[in-house]
Structure formats: C-alpha cells, structure tokens
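Use the sequences and the hints to build the structure in full.
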Amino acid sequence: MKFTKMHGLGNDYVYIDCFKEKVENPQELAIKISDRHRGIGSDGLILIMPSETCDFRMRMFNADGSEGRMCGNGARCVGKFVYDEGYTYKKEITLETKSGIKALQLFPVNQKVEKVRVDMGEPQSQLINQTVDFESEKYTLTCVSMGNPHAVIFTTGIDAADIETIGKKIENHPMFPERTNVEFVEILSPTQAKMRVWERGSGETQACGTGACAVAVAGVLNRLLERRSTISLPGGDLEVEWNEKNNHVFMTGPAVKVFDGEIEI
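Everything in the sequence shown is counted per my numbering, starting at 171 for the first residue and increasing by one.
Hints are computed from structural coordinates only; laboratory data are not their basis.
As a list, the in silico DSS-like pairs of lysine-lysine whose alpha-carbon atoms are at most 30 Å apart:
#1 Lys338 <-> Lys308
#2 Lys175 <-> Lys192
#3 Lys172 <-> Lys261
#4 Lys427 <-> Lys202
Per label pair, the in silico range of CB-to-CB distance:
#5 Glu414 <-> Gln362: 11 to 21 Å
#6 Ser306 <-> Asp329: 24 to 34 Å
#7 Met345 <-> Thr422: 31 to 41 Å
#8 Glu222 <-> Thr325: 38 to 48 Å
#9 Arg239 <-> Lys282: 23 to 33 Å
#10 Ile271 <-> Phe304: 32 to 42 Å
#11 Tyr259 <-> Lys190: 15 to 25 Å
#12 Glu198 <-> Lys172: 10 to 20 Å
#13 Phe429 <-> Tyr259: 17 to 27 Å
From a predicted model like this one, the values you see are computed outputs, not experimental measurements. Every residue, glycine too, gets a C-beta built ideally from N, C-alpha and C.
Here you go:
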C-alpha cells in the first residue's frame with residue numbers, strides 16, 4: 171500500500187489516498203502503521219476520500235485504532251495533499267469530517283501549499299473553571315468541544331508536569347464516557363499561551379489543532395486570553411481566532427509533507 175507521511179507542527183499522521191488505494195480495516199491498519207518500532211511511526215492514520223456532499227472527505231484514526239471525529243492538524247495536511255497532488259486547484263475547499271463540514275483556505279507558494287486556515291466551527295463548552303476530584307486529586311477544568319472533547323487545565327510550570335499520569339487519569343474518568351483530550355496550559359500574555367496535550371488514544375503529541383482551539387476558547391471564557399491569540403505547542407505555533415460575529419473558531423498553521431512510501435500490509 172502506498173502512503174504519504176505528513177505532519178502539522180510535529181503532529182504526524184500516515185495519509186492514504188483512497189482515490190487510489192482501498193482500506194479494508196482502518197482500525198487495525200492504524201495500530202500497525204502507528205508503531206514506531208514495527209510500523210511507519212505516527213500519531214495515527216488519516217484517509218483522504220471522495221465525498222458526496224463536499225470537495226473531499228477525511229477519516230481519522232488514533233494510534234490505538236479508535237476513530238476520531240476531527241483533527242485540526244490533519245485537516246490542514248489533507249488540504250495540502252489534495253492541492254499539491256492536483257485533485258483541486260481551488261484555494262477554498264470544503265472537507266467532510268465526522269464532526270461536520272469544515273471550510274479550508276489554502277495558501278500555496280510556488281504551487282505547493284505551505285499553510286492552511288481552517289474554519290473549525292462553533293465551540294461548545296460544558297464546564298467553565300470548575301474543580302473536579304480525580305482519585306483524591308483536584309483539578310480545575312474548562313471543558314470545550316471542538317468536534318472532539320477537551321478538558322483544559324490552566325496552571326504553571328507545564329514543562330515539568332507529569333502529563334502522562336494526570337492525562338491518563340482524566341482521559342479515562344467516568345465523567346467522560348467517550349474519553350477526553352487533556353490540555354495543560356500556561357498563560358504567557360493576553361495574546362499568547364503555551365500548552366502541552368495528552369490526546370485520547372495517542373498519548374502526548376507534539377501538537378493538537380482542536381486542542382489549541384479549545385485552549386483559545388477556554389482562555390477567553392476565563393478572561394485570560396483575547397479572542398485572537400497564538401497558541402505555542404512543543405511542535406510550533408498556531409494562530410487561533412474566535413470570531414465574535416459568527417461565533418466560529420479559525421485556526422491557521424503549517425502543513426508539511428515528509429515523504430512518500432510503501433508498506434506491506
């Protein structure tokens with residue numbers, strides 16, 4: 171099977187062109203290809219597919235085989251792939267995902283897309299600055315859904331935080347029946363925040379697009395950030411704007427192709 175390895179700020183996925191390849195069992199394939207010792211190595215698998223309602227369709231699978239509803243970094247890379255490979259010459263396209271239709275604006279340089287702006291839609295918040303007891307340890311959460319669920323924790327010293335222990339505990343808590351992503355956030359200024367993320371089904375990753383959007387929204391809800399901010403992740407920066415007029419969140423960032431290859435399945 172032919173594949174393309176791509177990443178958005180180090181959040182890397184294996185992309186399969188389903189216009190040319192047939193994937194029988196994406197859940198099992200995601201587990202196999204994500205293994206960094208016996209597979210290609212990635213945070214998961216993304217299928218680029220035809221759509222009956224949009225220009226293209228995206229399906230995303232985590233490293234444990236579970237299917238995700240949305241992936242911001244993945245959506246940007248899909249936009250780059252379909253333009254660079256000649257499937258479209260439009261600079262504005264629509265993308266079908268499990269969390270709805272997303273509008274993408276492509277920014278090509280010398281016929282290759284370097285960055286993409288994604289309309290992530292309207293955020294939904296469940297909890298705002300509420301303290302929850304997790305196995306005798308208390309954490310103050312703001313819970314925001316950007317297609318995927320996110321539990322945002324504002325704190326300090328996130329570089330030294332035990333992301334794995336705390337992240338697993340919150341991800342698998344009964345209050346999140348579908349599990350949740352967990353963001354650990356340090357506010358640097360009213361227009362910049364630094365974050366690390368524990369992604370459900372994948373563990374800690376270099377970047378998470380929906381997570382950065384959730385952090386930006388949570389920052390506004392808690393009066394810590396302005397509506398336009400830079401979210402700094404281990405893999406780089408994302409520009410996020412929560413538009414006051416239409417209540418949509420817009421995310422802008424790079425999309426990078428690493429290599430093409432073939433894998434025996």
